Structures are given as structure tokens and as C-alpha cells.
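The listed protein sequences correspond, in order, to chains F and V.
Each residue of the first sequence is one higher than the last, beginning at 1064 in my numbering.
Each residue of the second sequence is one higher than the last, beginning at 98 in my numbering.
Simulated from the structure, these hints should not be mistaken for laboratory data.
On a predicted model such as this, the values are computed, not experimentally measured, just so you know.
Hints may be right or wrong, so weigh each one.
[To be verified] Cβ pair distances, simulated, as ranges:
no., chain 1, residue 1, chain 2, residue 2, range
1, F, GLN1117, V, ASP135, 43 to 49 Å
2, V, GLN154, F, GLY1079, 49 to 55 Å
3, V, ASN115, F, THR1068, 36 to 42 Å
[Said to hold, decoys possible] With a Cα cut of at most 30 Å, we get these calculated DSBU-like pairs of lysine-lysine:
no., chain 1, residue 1, chain 2, residue 2
4, V, LYS165, V, LYS138
5, V, LYS165, V, LYS100
6, V, LYS209, V, LYS165
7, F, LYS1076, V, LYS138
8, V, LYS202, V, LYS165
9, F, LYS1120, V, LYS205
10, V, LYS138, V, LYS153
11, V, LYS114, V, LYS138
12, V, LYS202, F, LYS1120
13, V, LYS138, F, LYS1120
14, V, LYS202, V, LYS100
15, F, LYS1120, V, LYS114
16, V, LYS165, F, LYS1120
17, V, LYS205, V, LYS153
18, V, LYS165, V, LYS205
19, V, LYS138, V, LYS202
20, F, LYS1076, F, LYS1120
21, V, LYS138, V, LYS205
22, V, LYS153, F, LYS1076
23, V, LYS114, V, LYS202
[Said to hold, decoys possible] Under 8 Å between C-beta atoms, here's a sample of chain F residues computed to sit facing chain V:
no., residue
24, SER1096
25, PRO1102
26, ASN1119
27, GLY1170
For each residue, glycine too, the CB sits at the ideal point set by N, CA and C.
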Amino acid sequence: KAGVTQTPRYLIKTRGQQVTLSCSPISGHRSVSWYQQTPGQGLQFLFEYFSETQRNKGNFPGRFSGRQFSNSRSEMNVSTLELGDSALYLCASSLRQGQSDYGYTFGSGTRLTVV
Amino acid sequence: ELKVEQNPLFLSMQEGKNYTIYCNYSTTSDRLYWYRQDPGKSLESLFVLLSNGAVKQEGRLMASLDTKARLSTLHITAAVHDLSATYFCAVGYYGGSQGNLIFGKGTKLSVKP
Chain F
1064 KAGVTQTPRY LIKTRGQQVT LSCSPISGHR SVSWYQQTPG QGLQFLFEYF
1114 SETQRNKGNF PGRFSGRQFS NSRSEMNVST LELGDSALYL CASSLRQGQS
1164 DYGYTFGSGT RLTVV
Chain V
98 ELKVEQNPLF LSMQEGKNYT IYCNYSTTSD RLYWYRQDPG KSLESLFVLL
148 SNGAVKQEGR LMASLDTKAR LSTLHITAAV HDLSATYFCA VGYYGGSQGN
198 LIFGKGTKLS VKP
């Protein structure tokens, strides 16, 4: 079966711009979580969406937002980009909200570079 | 806030040797996940441990979970170069601002001939 698809794979943006990243979960999975990975902070939780509703949010500023569509695809948006937003953004797909007995499947990630 | 500590953070091994990576966490949880990450790549799921005493093995890797000690281990047997990667443990936790998976900082494993 198809895995978790993230697009684009790579992005280079300028400070102050905004960016939208996309994540299509595994077919039948209804929960999508987003993580930011940086060398300094490691893997940090951004938010989780289930049934088109944000169920949980991490400690990130309001410049980070997201949404989920009826087909479970999710997008995250970062506005007014800062240099510190340069990171690998990963989305994780799971069957349902909350704890997963089957684990979480991660996409290949989007590498965002802010210059 | 739940904390997850992995050690060691860096591990250089010779091929054929055995070693163990430790994952300690600070709050009660009965769900523990291990992931592997190759440079520039995403996270690959290795093991899902769902109860106290759970043990799973795949090839040269074996993971275990002791929920009472809040400890999981990833044991590497007779290491080979292909196992070189960064290994993350993640504790399952629900509802907090840290999300459903709280990751350790990772153990960067380098297996040398």
C-alpha cells in the first residue's frame, strides 16, 4: 500500500515569506501529526489532526498553523518565516487519534531552508 | 513535562560486537516505539512495545520494555555496518502539548569494520 506522501521534498524560502507543506496519510488513516526536526532541538511536536479537527497543539508560535481535509490530507503553513524555521518537517500517519497500537508511519519529510 | 533520555548519544562499535542502547522516561507509559533514521531520511519504525515485559526481535535488534522501571532497551547483537544510523526511542503519551510521541535525542550508531 502507498505510504505517507509529503510534498514538496525540498524548499528554499526567504525570511518573511510563507510556506505551505502537504501530507497525504496512508489510505484509511485518519490521524496526521506534524513534527519539526532540528539538530539542536531534536524532534518536536507541532500539531495533530483527526477528522478535520486540530486535536492537540505543541508549543510553537501562532505563525505555525495547519488544517486537515475531508480526505485526511493535511497541510501545515508557516507564515513570516524566520531563519530558525529551517528544519526537516515530518508528518506521521496513524489509524486513529491518540495512542496507536500499530505505531506511527512517517513520511519522507520536507526539508525547509530559510535564507 | 515528560522527559525521555537516551544513552549513549553516540556509539562507535566494531563489527561483530554487542551493545545496548538505553531509553529512560519520566512519566508512566506503557507504549514505547523505536525508530531508525538514516542521514537525510525519514523515520523508519522498528518496534512497537505495548506492555510491561514486551520483547520484540528483528534480525540483530531486540527491544524490550520495563514499564515499572520506565526503561526500554535496544540490544544490538553482532553489529554489522548496515546498522549504522541514528536510533530514536519515543514514549507514547496522550493529550499533552508534547504530542503523542515524545522522542529521545537519538543515539547515533557507527559500526566500523
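> Tell me, which hint numbers fail for this structure?
Replying inline: When the structure is compared with the hints, numbers 1, 4, 6, 15, 22, 25 turn out to be violated.
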